[in-house]
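Asker: What follows is each chain in one-letter form.
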Amino acid sequence: MDAEISLTVDGVRRTVMVDTRTTLLDALRERLGVTNPKKGCDHGQCGSCTVLLDGRRHLTCLSLAVANDGAEVTTAGGLRGSDGGLHPVQQAFLDQDGYQCGYCTPGQVCSAVGVLDEIEQGHVSHVSDDLEADPELTDDEIRERMSGNLCRCGAYVGILGAVRQAAAASSEGGAA
Amino acid sequence: MKELTYHRADDAASAVALVAGDPDARFLGGGTNLVDHLKLGVTSPTTLVDVSRLPLDEVTELPDGGLRIGTNVRNSDLAAHRAVRRGWPVVARALLAGASGQIRNQATTGGNLLQRTRCVYFQDVTTPCNKRDPGTGCSAIGGYGRYNAVLGASEACVTTHPSDLAVALAAVDATVVVLGQDGERRVPMSDFHRLPGDRPEQDTTLAHGELVTAVELPATGTARRSTYRKARDRASYAFALVSVAAGLELDDDGRVRDVRIAWGGVAHKPWRAEVAEAELRGRFVSEESVRAAAEAELAAAVTDEQTAYKVPMVRNLTALTLTGLAEGATR
Ligand SMILES: Cc1cc2nc3c(=O)[nH]c(=O)nc-3n(C[C@H](O)[C@H](O)[C@H](O)COP(=O)(O)OP(=O)(O)OC[C@H]3O[C@@H](n4cnc5c(N)ncnc54)[C@H](O)[C@@H]3O)c2cc1C
Ligand code: SF4
Ligand code: FES
Ligand code: FES
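Heads up: the protein sequence lines correspond to chains U and R, in order. So the first sequence is numbered by full-length UniProt numbering: it starts at 1 and just counts up by one. So the second sequence is numbered by full-length UniProt numbering: it starts at 1 and just counts up by one.
One should not assume that every hint holds.
[Unchecked claim] From the structure, some residues in chain U lie toward chain R, with a derived Cβ separation under 8 Å:
| no. | residue |
| --- | --- |
| 1 | R21 |
| 2 | T23 |
| 3 | R57 |
| 4 | D134 |
| 5 | L137 |
| 6 | T138 |
| 7 | S171 |
[To be verified] Distance windows between CB atoms, simulated:
| no. | chain 1 | residue 1 | chain 2 | residue 2 | range |
| --- | --- | --- | --- | --- | --- |
| 8 | R | R8 | U | H43 | 35 to 41 Å |
| 9 | U | S6 | R | R82 | 34 to 40 Å |
| 10 | R | E58 | U | D130 | 23 to 29 Å |
| 11 | R | R255 | U | D130 | 26 to 32 Å |
| 12 | U | L160 | R | D133 | 42 to 48 Å |
| 13 | R | D22 | U | E120 | 29 to 35 Å |
| 14 | U | V16 | R | D24 | 56 to 62 Å |
| 15 | U | S171 | R | S44 | 45 to 51 Å |
| 16 | U | S171 | R | R8 | 36 to 42 Å |
Derived from the structure by calculation, the hints contain no laboratory data. For clarity, every value in this text was computed on a predicted model and none was experimentally measured. Cβ coordinates follow ideal geometry from the N, Cα and C atoms, glycine included.
In isolation and in its complexed conformation, chain R is listed as follows (with noise of 0.2 Å):
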């Protein structure tokens, strides 16, 4: 570890400005990830800013039933609070199936969203990594290969995102408000996170000096009715192999009238199953018409002997929650 200058941040602006003006400068917010990169040596700042006191820590319904989560607030306070479990449900359950309750009590909003891949090649910087250290080539293509992306993949970068709230964030079409140096702007969660491409270190589209301030959820029909599943290699406090957020909205008739599908484990970012979503609008629930509309979106896979279990899993995964869902079943 190099020499650590250490700050904690009065207001948002000045913590924006101290982090932009300086490449060497990072938010820490609980530092559940930032801490271990310190200590592995995935990365080495010489400047903290503290923005996890910051009073961004507040949960506020909006106007037109939306909600507004300020970025400190942290994830058992947001899996625990009310309007969330009854809102969005699926958000709640993503919360609570990841990490453990101490790393929950600990963990921001925005942190979580910006936590970087568990790849093992990245967390171990004898080992060359195109995300670490661009240009040093990619470890895992050929190497340890379980977790490895099988949709939108680049030949720079195979990793996967490991966020579950991202997942679900993705599914209920949040937005997330990001403060700059030249103000406010707001992303929609489809363009916060990207595929690796060839600049595989770029995780978001977010500049550096851009701060998380908040994440809002607009009220659909489709997160009322939501939830989240997790295949994982053990019951709790493991990362996922894959994921499913979805939401559905059923016509008088039982057909399809909305449906939102993420899917976590299996891209770089988050990734939204539209051409599953198509599929599925107009249509009943059943086994057989999710799996179909599944294995549309699943046409682009690409895979390998340690990724090709997905495949299937994502598939299988994305039936049992929706016909769940179809059901009234409350998880």
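One chain only, chain U, in its complex shape (with noise of 0.2 Å):
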């Protein structure tokens, strides 16, 4: 069964015709020729394909696309900063050499953009020692929080100062 379906990718309005069994990703990647989210495992175990559907971090390959039609879909590529530029994540990323081949960036710059929101409205994780209180961005509640988005080339401690650069990018109030 076909049915039509509209999304906002990056800020432009885009209508498409999707089979129903078709998942976000591929109606990205495939029909919209957004190429930004990557398809690594297809299965919800790696963390490539992430965007930020209607603002909170989200897996495009485990979503069917007809079950999200009408969402506003950001990806790393249409992520910007308030002056219009970089966004904080994506410069962090650059400065602090948060990739190897890149495949993954994407999705980990999502992620982190995710998690940089989610510590904003305090909400705790696996490791927060105290779950009444709110959270403080250590090296391990960063860990943690970006567990889901695996590195095939290793690039973990780039990975890990990035976010740690725009965590306090973002709480001087540089974040877009």
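Quick one: dock chain against chain with the hints and give me the complex.
Answerer: And the structure:
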């Protein structure tokens, strides 16, 4: 069965006819030519297909396109800083060498934006000692919160540094 | 994948009617398990009824101090909820120990409880599996068995239930609210999942077409002082080898007034360790007393060379968890 859906992708409204079995990832990549989210595993196990869906980090390989009709999708390529230049998270990945081949990077960047927002909202994590307090973004917190994004090149040291830098920038009020 | 008709449900009752009336229809929640199974061919429905946008997405405080969680509350939002963090820390901890930040943003409360086993053979349609294809046999018996059950397994199926949340809900005496064609019914968590017996295709006691609409948590002393510990192959983003959900209430003299222990990774359902609980009531919590209580529960365990590790692991993890709670540790 085919269905017409519309998505706002990186600020542009797009309409597309999809088979109901099409994942959001395949709709973006194969139908709309948005290749920024990557297909690593296609089974929810690597995080490379992560986008911001209606503002929250989300896997696109385990979502049906038709179930997301009307959604707003922001990929790593659609992020902008408040001055229209690079987003602080993008800048931090550049400054800290947060990648090697770059395949996992769009997912890492979107996930990092999600992590900063979740911290802002006081979400605790598996490694938070006190569930009733607001969490602080220690290195252990960053590692745990980013654990849904694997990096085959093992650029984790740079990724950790990038999230740390972006967190510092956003606590100074520099984030978009 | 077969042709698939998609419906976005308008209300809970019509979603129930659509699925109950069609053996090839399924509810769709966040999709993190079901969409995977569509791709793998583990299930081949012809109709999906998307219930993930129904307005069952609130956490409300009940007059008696309990909490009602709508099925569409996402796992991340439930773990972040202040009342849950305060009154039912084991529930927040179990959620946070599961999956990843992205998946928790997507996964629903009901979908989490209804997620299916991660048994490698269940997910591989080229191998026999009684749970996927009743009557074909069980490839896990004599096959890869590291994640297999040690309690309550049957000759038909030896797998374990993968949900962390379900184990926590068993430890806090939660009730699952279910809507069927004949109206609403309330299922205690202990009766929600089942042991495999000779019908391993049935994970739960729900009939086809019954919709989880909410989960209710009673406010108790054991829930207030509770936590969750999970042993796994890597520090994050991995399913449990074994896990322990526990809650503790002490008398003024330090003896156990009441205790709840539920185990994950050991059985086809969250395993309430009621024998161990009974052993501990009225005693002091110590490494020795908890180990002895866990041993009593584990007397019924059946292991092989691949699963033997689970018995000492769950015993020791239970001791670690309860001695920590007795000492007032926050995790
Ligand atoms: C890589 C990976 C790692 C994971 N790690 C963990 C982990 O460590 N711990 C853990 O606990 N889980 C883990 N999960 C599983 C995850 O928690 C579940 O997939 C998720 O909770 C399912 O929720 P959903 O809303 O996406 O369900 P869906 O995939 O939409 O549905 C799952 C099942 O529930 C049924 N269903 C959905 N909603 C309802 C309802 N309201 N009433 C009745 N039936 C319903 C569907 O028909 C389907 O059969 C992991 C998943 C992945 C992909
Ligand atoms: S253990 Fe259960 S799920 Fe795994 S192959 Fe056997 S019958 Fe299937
Ligand atoms: S492609 Fe989606 S998680 Fe790997
Ligand atoms: S940079 Fe190559 S996979 Fe992460």
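Asker: Hint by hint, note whether the structure agrees.
Answerer: To see whether the hints hold, each was checked on the structure:
The closest approach between the C-beta of R21 of chain U and any C-beta of chain R is roughly 5 Å, which is under the 8 Å cut-off, so the hint is satisfied. Because the closest C-beta pair between T23 of chain U and chain R is about 7 Å apart, less than 8 Å, the hint holds. Annotation: interface hint on R57 of chain U holds; nearest CB of chain R at approximately 5 Å, less than 8 Å. For D134 of chain U, the shortest C-beta to C-beta distance to chain R is roughly 11 Å, which exceeds 8 Å, and the interface hint is violated.
For L137 of chain U, the shortest C-beta to C-beta distance to chain R is roughly 13 Å, which exceeds 8 Å, and the interface hint is violated. Interface restraint check: T138 of chain U against chain R, minimum CB-CB distance 15 Å, threshold 8 Å, status violated. Among the interface hints, the one on S171 of chain U is violated; its C-beta lies about 19 Å from the nearest C-beta in chain R, farther than the 8 Å criterion. Between R8 of chain R and H43 of chain U the Cβ separation comes to about 25 Å, which falls outside the hinted range of 35 to 41 Å.
Checking the proposed 34 to 40 Å range against S6 of chain U and R82 of chain R shows it holds: the Cβ atoms sit about 36 Å from each other. Range check, E58 of chain R to D130 of chain U: about 26 Å between beta-carbon atoms, so the 23 to 29 Å window is met. At roughly 27 Å, the beta carbons of R255 of chain R and D130 of chain U sit within the given window of 26 to 32 Å. Checked against the hint of 42 to 48 Å, the pair L160 of chain U and D133 of chain R passes, with Cβ atoms roughly 45 Å apart.
Between D22 of chain R and E120 of chain U the Cβ separation comes to about 44 Å, which falls outside the hinted range of 29 to 35 Å. A hinted range of 56 to 62 Å for the beta carbons of V16 of chain U and D24 of chain R is inconsistent with their spacing of about 27 Å. Taken as a hint, the range 45 to 51 Å holds for the pair S171 of chain U and S44 of chain R, whose Cβ atoms sit roughly 49 Å apart. Restraint check, S171 of chain U to R8 of chain R: a C-beta distance of roughly 40 Å satisfies the suggested window 36 to 42 Å.
In this structure, the earlier hints numbered 4, 5, 6, 7, 8, 13 and 14 are contradicted, and the remaining ones agree with it.
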